[in-house]
Each structure stands twice: as structure tokens, then as C-alpha cells.
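Peer 1: Chains as they are written, first to last, in this note's numbering: chain A, 1 to 607; chain B, 1 to 308; chain C, 1 to 307.
Calculated directly from the structure, the hints in this document are not laboratory data.
A few of these clues could be false.
PhoX-like cross-link-like pairs, simulated, lysine-lysine; straight-line CA separation at most 25 Å [what the hints assert, rightly or not]:
1. A/Lys274 / A/Lys24
2. B/Lys213 / A/Lys24
3. A/Lys406 / A/Lys446
4. A/Lys365 / A/Lys402
5. A/Lys406 / B/Lys213
6. A/Lys406 / B/Lys196
7. A/Lys351 / A/Lys406
8. A/Lys446 / A/Lys351
9. A/Lys68 / A/Lys170
10. B/Lys196 / B/Lys213
11. A/Lys170 / A/Lys84
12. A/Lys274 / A/Lys472
13. A/Lys365 / B/Lys213
14. B/Lys213 / A/Lys402
15. A/Lys351 / A/Lys402
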Amino acid sequence: MALLDVKNLSVSFETGDGTVDAVKDITLSIAQGECLGIVGESGSGKSQTFLALMGLLARNGQATGSAKFGGQEMLNIGASAANKVRGNHVAMIFQDPLTALTPHLTVGQQMAEVLEVHSGISGRKARRICIEWLERVRIPEARHRIDQYPHQLSGGMRQRVMIAMAMVCKPKLLIADEPTTALDVTVQAEILDLMAALQKEEQTAIALITHDMGVVARLCDRVAVMRHGEYVEEGDVDTIFHAPKHAYTRMLLDAMPRIDQPSKELHIEAAPEKSILTVTDMEVQFDIRVNQGLFGKRVPLRAVDGVTFDLARRETLGIVGESGCGKSTLARAVLQLIPPTAGSVTWMGQKLDGLDRRGMLPHRKNLQIVFQDPLASLDPRMTIAASIAEPLQSFQPNLSAKERQKHVAEMMERVDLDPRMINRYPHELSGGQNQRVGIARAMINKPELVICDEAVSALDVSIQAQIIDLLKELQADMGLSMMFISHDLSVVRDISHRIMVLYLGRIVELTDRDTIYERPVHPYTQSLISAVPIPDPRIERTRQRLRLPGELPSPLDPGAGLRFLPSRRHSDPHYRPALQEVAPGHWVAEHDSIEAIMQAEEMRIAV
Amino acid sequence: MFPNRAAVESVGDAIELAPIKGRSLWADARARFFRNRAAVVALIALGLVGAFALFGGIFAQYEPDFVNFSLIGSNAYLGVPSTETGHYFGTDSNGRDLFARTVQGTGISLMVGIVGALVAVIVGTLYGATAGYYGGRVDGLMMRIVDVLMSIPFMFVLILMLVIFGRSIFMLFLGIGLISWLDMARIARGQTLTIKNKEFVEVAVAIGVHPAKIILRHIVPNLLGIVIVYATLLVPNMIIFESFISFLGLGVQEPATSLGALINEGSRTMQFGYYWQIGFPLFFFVVTIFAFFFVGDGLRDALDPKDR
Amino acid sequence: MLSFIFRRLAVAVPTLLILVVLSFVLMYSAPGGPFNSERPLPPEVLANIEAKYGLDQPFWKQIVNYVVSVVTQFDFGPSFQYKDRTVNDVIAQGFPVTLTYGFWSFVVAVTVGVSLGVAAAIRQNTWLDYLAVGISIGAQVLPNFVMAPILLLIFTLWLGWLPGGGWQGGQWQFLIMPVIALSTSYMASIARITRSSMLEVLNTNFIRTARAKGLPMRRVIWRHAMKPTMLPVLSYLGPAFVGMITGSVIIDVFFSTGGIGQFFVNSAFNRDYSVIMGITILVGTLTILFNLLVDILYAWLDPKIRY
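Chain A on its own, in the form it takes in the complex:
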């Protein structure tokens, strides 16, 4: 008998605009110790399915059908009956570890109450069990961490605490709702490893809800694909990945960028002539307030710390790195939206740094930026046409209204937006459509350089692929250069000519796109690439991962900069590893051997 048996489950919500069917007549089952992946894009109802069976639907939600766990009906049974099961036999972890823990209770208090409620264990014994579990999810210094508050832990650490808290009662089923989506790749890899280990050791069944085919390939035994609240297809992981029956599954797999093979060719070759943009030794420093002493004090944080690169005409430079590596700051500093603290930016032979607003103005026409959040980057009170037209008003003020409208309409057609939508407002459009508006606005003056700052990260995979294709087409048409910033290494590989890896504000490695994935030299690059899941279960099973011990350090940690050059740490703690050209066009920052780095890190953690 299956552990979980869901039959004809439907979920609907009463809203001001009528009834919305989020889940339509779903049937699924999970066997003991099995990992089922539930894949779908946003709005596919994959989370609501499981919230319904946990009894956690929003107040206006209504579930019908049946969901039996170990033979016991779970749907609509009332809170007190549900409380005997949830947290005890079925546990759930959520996407956003930053907000999922109660802020005013310590880690230990939150874990121990699960034991107290379900097993009647409290006091010293509960504490011992909690510490054991914290150690099992590899939280360093568990004895110390157990008395800390959630805000004192990093994001990855909080997700580990969530997992430990879910596991203390040894549930038979663990529901994980996008558990790694908010985390950096290396942290994601660690969490996935941890879940795989728990599944094996505890025989816990896992329901993994995700949009990421790579994560599914790494962890799951069986896959169910959902779309618009309905089941599309289901099967074991190899069948789904290698012989998908449904067109939607195939589309999902095709749209997913793969780090091991760039699926598409680049549309345009970079011009060989000398660069149009040169950035030399750029530094951006912020003063961060830390609460120390009577009035707090300000500590300088080097968000960008000596970055040098150049960019050729029609070239795309990909910039990757994990959160806090300074990639967005770098983009803004290049455009002088944030004044760089030191270094120079040369655009077409002219220096940009130190120019005032007036001096920058003529260059702004050629330097454009597209941001991550499409909705936030459009003024909610302006129609999309007014937004797209705004750069025209700045740079071609003598255009007549008619001409301006013509330009806008043409541009909208160019980015595949229906020109009839000119009077629409951003909140009436989808994320993908809004991002097209943002791109249209950036491109309307035919700029020379467009910086895309995580421009596709907030979008579903299928939309993501469309936007990337659009960007490539526009680049080929207009012959523009791009800086493409992303935390997603697979996406960057799809679009870039050259790729630069940033670590805590410094370049770690810089070379062409194939070399960096096929022959990465720097240990950080290697660990990053090996952490990215590949949407192919056969490859995933045989892959070896390079795991660096410890967490991604905080930029304020003084020793962090020399994490890969521990031999210098004592002689010169402020040493900046130099870039060395290991092969023509292949730059790598100085580093020690992997063994030396591992050893040093282990020692740091032990202390």
C-alpha cells in the first residue's frame, strides 16, 4: 500500500473575481521511502496540492476529493485531527528560509516544541535530540547555534534548521516546497545532498515540489509534471527525462538551459577589434553600519574590489557569482549609477568616472540596463507605452508625438508585444510581458551596450528561454554589446561569449564560455560548476562533486578574501590575489592547491 494516496483532489479559491480552480482532479501516490518530484511552472498548483493535504490552505481555499496518508483520510479533518499527523508523521519545509522561522524564538525552542507536542519529550532530553539533529544536518557548533535566533543564521543554515526541525519526529513523509530556490547554487547542492542522505538513512519518503528539472534529476525517483492545476504526465525519472510523452514535458526540458551543453548557438560573433568598454581596477565601497559601541560604527564593505575587464563590440560578457559577490554593484558602477570609489571606466575612449549628471547625459543614450524584477522596474502609474517612450523624450526631444508613437509601436512589435496593448498598465501584464516592456525601453534608442542584471531570473523557464532568444536576436540586429549578469551559470552559458566569475567583489576567473565550463582552473569556479544540477538523471548519478567545506563567507569577514589562498593569510591578510594568464585569454586568480584550501577550511571550521 502506498504511503500517501491522493485521489481526485481539487482545490479552488473564492476570490473577488469569482472562483479560481487551482488544482483540478489530481491523483497521485507516494510509496514508502520514495522521492517523488512534482514539477511545474508558477501557477501550476503544485504547492496548493500539498498545502491542501496538510490542512494549510488559505481561508478562502476549498479542497475536495480524498488524500489518504497511511490509510487515514487527511482532507478537511479539522485542526485537532490534522495536528496528530502533521509535524509528526508528515513534515513540511518551505521555500523561503528567511521568513519561515519564528523570529523571536531560538532555534532550540522551535525544535523542542515539536518533540514536546508529538512525543511528550521535553527538557534536557529534548535538547539532546535537537542537538543531535542539528549535527546531522551538518550545522557547525550545534551546541552553540541551538540557542541562537534565526536572524543570526545564514540562509542555508536556516534551511538546515528547517530540515532538522521537520525530521526530529522521524516523519514518514517529508514535503519540500521549493526548498532550494532561494539559495545559492553551492548551498543548494549541500541541501540536496543532505536530503538524499536523509531519504536513504531514515527511509523517509520525500515529495519534492520544484520548478527546476535539474533538482529533480539529482534527487527524485519518480516525477509528476503539472500545468495549470492538472497532471500532465507521470513516470519514473529516466522515462520522463529521456522519453517524455507529453509535449509540455518536452518543452520544459528543452527550455531548461544546460550547463554541460549550450543548447543554442550564439547569433553573432564578437568584433575582434579593440574594446569599446574598459574597466580598470574598479572599487566600490559602502559603509555598513554595525551595532557596536554606544552609537554603532561604520565598517567599510568592499562590494567591488579591484575589477578589471574590457568588452568588445557585439560581445556578451557573462558575469556570474553567488549572492554578495558584487555583480549588481559592478553593473551599477559601470553605468555610474553608483559612484565607484576608485578605478576608471572608459567608454569609447572617454572616461566616464567623475563625470557629473550633465557630462554623463550624452553617454546614457548608449548605455542601458534591464533589471531583474520586471514589475518593480516599471512605474506602476504609467502605461507601458509611456514607459517605453520615456528614453525618447530624454534623447530625441524634438520628435513629434506622432513619430514617437510610431517608434514605440515598432519597438513593441519588435519585442513581440501586441501594439494594441499600449494603454495597458504593468499590473495588467504577466512577468514575461513586463520584461519585454523593460527590454523595449532599453532598446528604443538603439544603444551600444545593454546590461542585463538578472534579467531572466524571476521568470519561468519557458519564458526565460523566450526572453534569452529575444535578447540574442536583438543583439544580432542592432550589433550591441551586452553584460549579462546572473547567478544561474547555465543561463549565462547560453548567451555569453566570455564569462567572468566573481567572488566577494573580485574576479576569480575570466575566459571564453566553453573553456570555463570544460576546463575551469580556479577551485571556486570548479565548485560552482559542479554544484549546478544537470537536468539529466543519468549524468547526475555519475557526477563527482567538488565540495568546499564551510559556508559562503560574509563579505565583512576579514579572512574571507583569502579563502582560496590560505598560505598568504598570515603573512599579508590584506593581500589581493593577482590575476594570472594561464592560457591566452584565460585569466585565473592566484590560489593554493585544492588540498591546501580544504585543509585550511577544515581548520577554520574546527576553531
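Got chain A; can you put chains B and C on it based on the hints?
Peer 2: Quick look at chains B and C alone, frame taken from chain A:
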């Protein structure tokens, strides 16, 4: 209200296909407001109170400061509300027509409320928006000043001022305005900070829009919603405030009057059974305050982006 | 935590000084005040003031004298009206009264307001919720100076249950109406804030986590939702405190309770500046101390502030 309407309409003309009509946030908010029955009723009530204050004087049979000496001392039977005598609301203890005085009191209370709120909103918004827009040390200093001022019990200082400099409507406005801009400044600052850090403002800088234009086109329209809501909620507070001072006898000076002063007078003759002397002013006071609160709440529900 | 308190104090002390100096300047520039001899004061009073401040001394010296005696001895000087009374006598007489009914009003406003708000939020869209929302909306338009006559009308004039005023050492019959009149509108605001705050907290991710852990609802509310719910309520308590202290003036005048408010208004009409100033500074000090207390409570509720 619709800063971009001209641009939108002109764009529309050039397209041959009929453009799909968009619904701006303002249009959405308006629709949401008019779906809220309590708010609409309150708005109508407010209109009626306003009309009463503006045009009520036309129907009054007496001037508000005309003292009918024959009525003094015989309030209980001669000064009762009656259509025959022309004292629709009766008379006050000095033999003055309560209808005319209520019209005047409502008018003055509304004026104090609206002007006070206006002063507070303008000063507060400018102050807060400046602090929020410049940020850094300027912001720190400006907000520290607000913090300091906020922990001073201003009602006492205001009464001290009224006593020292003499009572006048001007002093009252000044004092009320002085106290109430502080909250507005905090709200405006917070909102400005949020908007300033939105990416669309950064984009505007990146596409070379002039700073003055950024403020006018992008920041002010987005700030406006919250300012309107708080201004509406501030008016009843100002009215309460003025009534408080008038109740103590420190507000508007005789023969002029306000709702607070009328309530004060009425409360003193309650024990003799002259309930109309407190009843009518209290009714207009409560209706006005209620209506403003409901309209403000309706506006907040309609305009506050949190619910979206 | 300690440095946090010190930092708050670093703001509080200058605030108080500003208040003292501001009131002194206002008084000094007042027409008809003792410092510009437009109005003949009784010679004994003048002598008292002379002895205290030295009227022939320069302005700054007078200010320093005043501030020093306020700060070091809590001595607000002699009254400008009565020769045999000092401001401290007035405060000693009126302050205990104000403190008594003020304290009870505060307790009533907070306990009733919070319970009403929590109950409404937990039973959202039930009759209890509607009742609580109705009460809090209705009470919002009943500020103390409206509540006071209404209560008097009902309980004294119609029902005859309660005395219409007076204090009598604070017996309960004399306490009821002042407390209700003073607390009603603040109770309503606290109930509203609590309700919306609780509703917001109940929608957060960590409450969803707590429910997913299978905790009983009572535990979810008390252990997980209560503290964050109280944060906005707490930040309202500062303004509410100021409002209640201010409202005590009305209570004292209307119910003749004999608190400092009554002296304040009388002095305002009599131009007894030193009493006005003394009371203003006293109230200011209380406000600042109270805000400090709120800040400390805030840090206790929210570990992110605790440093």
C-alpha cells in the same frame, strides 16, 4: 490625478487597430472605492455636512451672534427647538439661535480640520520627502529632530503659547499645524525611501531623465496615494484636536464658535434637561468625524498597495 | 542591550533640555509676565521670584538658574499667583490623583483593547469579530470630551448610580467615569491595531511553519503570533500615553477630580506661568521616560533589535 493621460491618448491615435483600454491604478482604486458601500455613504454624509456648513446660514432666521434677551432664563419652554419660533435647533443659554451657531461651529470646525490637515500634509510631506530623497546624514539629522519633537507633549506647549500670545484662530492653526506634521513627515519619508529604491527610479536615472522630472513624474504620483489617505484621516484628528482646546475654553473666541465649544456649553446645561443644546452639536461632530474616518478607510483600502 | 538603553538616553536628555529651555523662553517673552513688568504682581510673589531667579540678572543666567534648580533639586520655583505656594506643592497635590486614574485608564485601554483585537482576529468574520470591529469604530469617534458628558448624562443624571464628580481619595465610584472617559478612544485604537496586526502575523510564513509542525492553535497564537503582533501596538503606546496625559486635563476639568490638569487650566487662565511650565516639564519627563520604557520593551519583543 492622471499625469500621463495626454501622453497616453496621443499614443493611442497613431495606432490603427483599436487599442485595448488599460486600467490605471487610479481607475482601479476608484472602482474599489465605489464598491465600498460604507465609504460611499460616508462620502455622501460628508457632502451633506459640508452643504450644511456652507448654505445652512441661508435658512437660519437669526444671526449666530444675535442675543434674544427675552429668552434668557426661560430656555426650558421658550428656547426649545421649534419651527414656529424659527429656532430650529432651539437656543443656547444666552438666547442665541442654536441653528445658526451650529452652522457656524460646523463651518469653523471643518475649516480648522481641513486647513490644519493641509498645513500638516504640505509641511510634513515636503520635510519627509526631502529627508527620504537625500538620505544619509541629512536624513539622520532631520529624523532625529522629528524624534525629539515627537516626545514633547505639545498640547501643553500649545496651551502655554495660547496663553502667552493670546488666543486667535491664527495661533490655533499654527499650533495644530506644528504638532501634526510630525507623523506625516515620518510616513512621507518612509514612502519616499521605498519608492526611491524601486528599480523604476533607477531606470529613470539610467535613461537620463532630469532629477526634477524624476521627482515629478515618478516619485510624486506614487507618493500621492498615501498622502491623500493620511490627509483624509488627519482631518478628523484635527477637528478633535481643535474641539479639545475649545472645550477647555481656550480655542476660538466668542462670539465665534466651534463644535467643541458648543459641546462644552451644552454639557453644562445637560443637568437642566436642555438636551438639544448638546445633542445637535454632538450629532454634527460625530457624523463629521465618522464620515471622515470611513472615507479615509475606504481610500486606504482602495489605494494601499499592500492589498494588491 | 545596555548600550541600547544608553543610546536612547543620549536622545532623551537633550530632548528634556530643549523642552525646559523652550518653555522658559516662551515664559520670558510673555507679555504680562513677571519678567516684563506690565502687570503689577503682589509684592510677596515678586519677592519670591526675585529671590529665586534674580530678575536683574542677564537672561542666560536666569535660564541657567532655572535649569539647574529643576535638574538638580526638582524644584520648579514659586507660583506666580499665590505667595504661599510653590509649583512643587501644586504637583504634590495633583499628581497622585492624575497618576491613579491615568494608570487605571492605561491598564483598561491596553487589556480590553488587546483582548478585543486578538479575539476579533482569531474569529475573523464571525459575530465576535463584527462586534469588536463595531465597538472599536464607534469608540473611535468618542474622544474624552465627548465621552465625559455622555457618561455623566447616563450614569449620573438618568440612572443616578455614580457621583457627578469629585475625588474623595480615589474611591471606586469616583474612579469609574474618569477611567472610562479617558480610555475609550485609546482602547478602540488599540483594538483596531491589534486586530489588523494579528491578521497580518497569522498570514506570515512562520505561522504556516508552526501550523505545519502540528502545534495546537492556542500554542501557535500565544507562542508564535503574540509577540510580533504586539510590536505595532507597542509603538502606538507612546502616542497613546501622551494623548491620555493630555486628556487628563479634560477629565480634571469636567469631573473636578483635582489632578494636575485642573491646576494647569486654572493657571492658564490666571497666567501663573511657573505652574504651567512646571507641569509641562513634568509631563514631558514622564513622556520621555515612558518612551524609553517602550523602546526597551520593543527590544525585548524583537530579538533583532536586541544588541
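Peer 1: Please name the hints from earlier in the document that this structure breaks, with their numbers sorted from lowest to highest.
Peer 2: Hints 1, 2, 6, 7, 15 not satisfied by this model.
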